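Listed below, chain by chain, are the residues.
There are 2 protein chains.
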Amino acid sequence: MMSPATHARPPVDARRRALVLAVRPEVDGGAFPVKRVIGDRLEVEADIIGDGHDLLRAVLLDRAPGQAAWRETELAPAGNDAWRASIELPALGLHAYAVVAWVDTFGTWRRGLEKKLAAGVEVSLELEEGALLVDAARARADDPVLAQASRALRERGTDVALSDELAAAMRNAAERGHVDRSTERFVLVERRLAACSAWYEMFPRSTGSGGAHGTFRDAERRLGYIAELGFDIVYLPPIHPIGRAFRKGPDNAPTAGPDDPGSPWAIGGPEGGHTAVHPQLGTLADFDRFLAAARSKRLEVALDIAFQASPDHPWVTEHPTWFKQRPDGSIQYAENPPKKYQDVYPFDFDSADWEALWSALKDVFVFWCERGVRVFRVDNPHTKPIRFWAWCLAEVRGAYPDTVFLAEAFTRPKLMYALAKAGFSQGYTYFTWRTSKHELSQYATEVCRTDVAEYFRPSFWPTTPDIFPEHLVHGGRPAFVMRAVLAATLGASYGIYGPSYELCEREPRPGVEELARNEKYELRQWDLEQPGSLRHLLARLNQIRRAHPALQHNRSLVFHPTDNDLVMCYSKRAGDDAVLVVVNLDPHHVHRAWIALDLPALGLASDETFQVHDLLGDARYGWRGARNFVEIAPEAAPAHVFEIRRFARTENQFEYYL
Amino acid sequence: MMSPATHARPPVDARRRALVLAVRPEVDGGAFPVKRVIGDRLEVEADIIGDGHDLLRAVLLDRAPGQAAWRETELAPAGNDAWRASIELPALGLHAYAVVAWVDTFGTWRRGLEKKLAAGVEVSLELEEGALLVDAARARADDPVLAQASRALRERGTDVALSDELAAAMRNAAERGHVDRSTERFVLVERRLAACSAWYEMFPRSTGSGGAHGTFRDAERRLGYIAELGFDIVYLPPIHPIGRAFRKGPDNAPTAGPDDPGSPWAIGGPEGGHTAVHPQLGTLADFDRFLAAARSKRLEVALDIAFQASPDHPWVTEHPTWFKQRPDGSIQYAENPPKKYQDVYPFDFDSADWEALWSALKDVFVFWCERGVRVFRVDNPHTKPIRFWAWCLAEVRGAYPDTVFLAEAFTRPKLMYALAKAGFSQGYTYFTWRTSKHELSQYATEVCRTDVAEYFRPSFWPTTPDIFPEHLVHGGRPAFVMRAVLAATLGASYGIYGPSYELCEREPRPGVEELARNEKYELRQWDLEQPGSLRHLLARLNQIRRAHPALQHNRSLVFHPTDNDLVMCYSKRAGDDAVLVVVNLDPHHVHRAWIALDLPALGLASDETFQVHDLLGDARYGWRGARNFVEIAPEAAPAHVFEIRRFARTENQFEYYL
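For the record, the sequence lines run as chains A and B. Adding 1114 to a residue's 1-based position in the first sequence gives its number in the working numbering. Adding 1114 to a residue's 1-based position in the second sequence gives its number in the working numbering.
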């Protein structure tokens, strides 16, 4: 519409009388795609403004990836000049959509005729005008209905004029000379795992017996345990050869002993780089076997892709231009003065040979995709250019559209969101540090309920190998239970770093926010049978997540007020399925609270009697109305995960809960 | 950023590491301009995201109308990855702006050097790297500072490395190879009258004496009165020849007597059309004289442009294709079955000869601009294509950038907003029908405080010749006072249809929302000296508006809660000037209320003593803190317009109000 006054004649397309505005959903005016998964419908709205009172018509165009032709779906008015349509998303990949609108000349004429007939006004001239519209349509569509109508209207056939048959024929033959068309929007369609997933992180190095370095074969034996716990994804830290130069010792000691295994994130050795496997884990064939074993247990394997190199990485000598050379010929290592990370060389994404570097990095994903991996956890993506990711992820998805990418970015909020816009399926979140009711509800609302949810999918992790937060140091087992329940029910996606988490490992390394004897730098042996393990709780949580569609989405998250700042209450709902979670945020004391339920959010009437059934503890309570009381003792169970069961009455007065 | 994966090589411009997002203000992603007036500064913000921790630089580009070169203003970080700059808007017309950002290589290097020096790390390699950056800059800028620095850095000159002089020289010589640039946004700069104006509508036909048809000469004598009332604009209904065919009689009677003057909106007769004046008003020369007389009293004249024709309009015979021909050769008149408006022919904007029609309509504005008119009230713009207005208003502004357009559109909200987006300076509003505290505060907040205010400027009218609302029929003089105060203080722009308004004329025509003996169809004689006239109140209100910058803008409007639904309280503020309005919305009864003032919105501290000085009644009250009491008797005065006077104490303890 912008037209600086330089031309005396109106623009040639100025007669488009409809104006298509505010096509939604959209991200940054269409610069980035919104995200959906297979099975979702895409609900599109637009404001469509016409002058005066003429009727408009509008269609939603959409095009699946690889399709040349646009599909058309009629938009329907939804009040206040908004129009709406809903479409299925049949294929993985990037779909385009746009809205087209124009004046509905025949519909406007038909409405005018109806009005005049109702008012008893003479209409012969109107019928002749209608016949002219029909004749014009006959030039565009060879439809016998139109030919008949042309005659009938001239013979004063008002029934034909107002018939649904003629209306349909005229719709099909509509003149679309002066249509307004929105710019194109995009929707990235992924598989359901991209939106709903339970991750289990484990170091294969710690699966050996008797203190030996674990191998893929050892890790394979752990898969049954993880499957029993009900996770969807088993995620491995980098499995590549580990550098020797400047290798770190236990708990990040500056020098390593001869037997120290080093950090898996110091990638690359004489045995290879990002497309090789660490010899102590086994061979590529062993990895393939591990992958197949996982698949047989319905577990997906996620690899950790960390784009950095140890000084021993083959690329350091093969492609020295891919790293930043200093004036003395040395390679720039990572540093944060006075700290020096001489074991890590960042790639120089701005290198003169950048196209080859970018392609090689993209091919790392392709290499593992070719072996069957379809889930990647990407390390520190925020320290690489956003446009690299936009290109790289699109390329990988072009070849493997079912690939899921999790961004391990703990950084500034808008940078985390920019990575999501660039194509990451999921992102780590600040959940790890959010502890108060206010913080948790505000943050979860931001990522689950605002426009952010159109492109950013949160993954909630209570801990990671890099982050062991303060509140778990002192909260004991109840704190571990509470944070697991929060992560698994606030987020459709969440993750656990095990087995340290289910074993409630909580001795901190002084001065840093990490566990002591960090598995990043040494082998650990875990007693999975330890009493007090959370394995049964995690199994139950994952079972509940699978049984309850309400927990498989984020959009329906609602927080319900309580009169105790240490008791948090929220719900999710999908159709008839509603889950209500009540959490005591204080791991040390019993707390009581009155909850003021948002009954419509739960699909309940204001005076309805219903049952809340605790899916963790199996207790059942009959509740009625909005105001209800809870008392939660953290030692017993710091949270209720209630299924809402509506009370119903059959015709023969038999009462039961649905 | 959208890149469907079809190319194996990254796009050539993929190395742009900064990402410019969410440039604001903006309307519909830049499709329409935001609006400002001369004297405003434009505050621009953008989210600028860089990967990692490198420093960024960003500049705001802007270009005044007719300028080829972009001006550059440095943006400064404003927290959370938002960047901000503020620019003057030196000229009327359509300015373009855009944001450009890139990685600040030298700044990043300089910060790294500072860190290392602070940490006591060896920096000779860093200084050599700095020297290389300086040498590269010397190839772009011949600056002696750079030549000296190149030597100094190689001689380990850390003082020079960190000097502001070098930093400035490097900023000027910055390499801008991989910049990201936002799409262009636009700001339409108008004169102050477009944002702040008091309109007085009058029918010149009713200024004659002894029952004679008023002329421009008669109307000229009314200008002193209007100037005394303090209005900025005197607005005349259409001044063109009035059609004879199907002329309406008094109060819209279907037939007119021989002496009935007809409706000024039935435009065109044998004497001419939209560029002629009605012979009974005088000649074009008389109009010019009227215009000059108004100007001498600092009044602008607004003309009413109504794009429709009476059957007697010269264009009906000269350009029959500009109207819609029916199959029997007749011209389509306006109708709303069973009503027929045979005295009004709409133009066919979609005519085969549309370009000539559009140009002729545009030339109507140009014709009156050439005579010196710069303010137009456009009749029913919502029944003409939105793109016609976008083109036409831009064309007129291209030649006469100081032209102000008021849209008389009472229609669906998004269509009213679309007309504002297309270029109207101001628009009529639903204020006329909003009466309750809830309705008024919600609506005024929508048009004054939300994003709508970026493009839509409301004009509040208590009545028009077409609308005499129910609440004025029964509310008596207090209702007229109350609605005038609301209109003049809620909106920086407002209008009065006089003299009927100041004379509190309130006899309705039964069955329609209009006054009886509507001036649209007959001459009226008004006794301006009538006791009870609101002329002194209007004069006072306009004087207050001119004296108080707070009332000349809308953005600062804040509603303050009261405990009585019939007592509404709101304020506006500009710097030190704060005006607080308290209105009794019930014209029949005394009301009392406790007000809970939003003290920060008034620039007051929580425990501050201040005086409220009623600029209408001259009463003064000492108030302190947020909670204050009012009692308002509508017969005395249904509203207080308080100036907030802060209490101050001189050094010698003399106390006074500022």
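Hints are computed from structural coordinates only; laboratory data are not their basis. Keep in mind the model is a prediction, meaning the values are calculated, not measured. Watch out, some of these pointers could steer you wrong.
A pair counts as met if it fits within one copy or between any two copies, since identical chains are not told apart.
[Claimed, not checked] Here are the simulated DSBU-like pairs of lysine-lysine, each with C-alpha atoms no more than 35 Å apart in a straight line:
1. Lys-1453 - Lys-1476
2. Lys-1411 - Lys-1551
3. Lys-1230 - Lys-1528
4. Lys-1230 - Lys-1551
5. Lys-1454 - Lys-1411
6. Lys-1229 - Lys-1551
7. Lys-1229 - Lys-1411
8. Lys-1438 - Lys-1411
9. Lys-1230 - Lys-1454
10. Lys-1454 - Lys-1551
11. Lys-1230 - Lys-1438
12. Lys-1411 - Lys-1230
13. Lys-1476 - Lys-1551
14. Lys-1454 - Lys-1438
### Task
Could you tell me which of the hints above the structure violates, numbers in ascending order?
2, 4, 5, 6, 7, 8, 10, 12, 13
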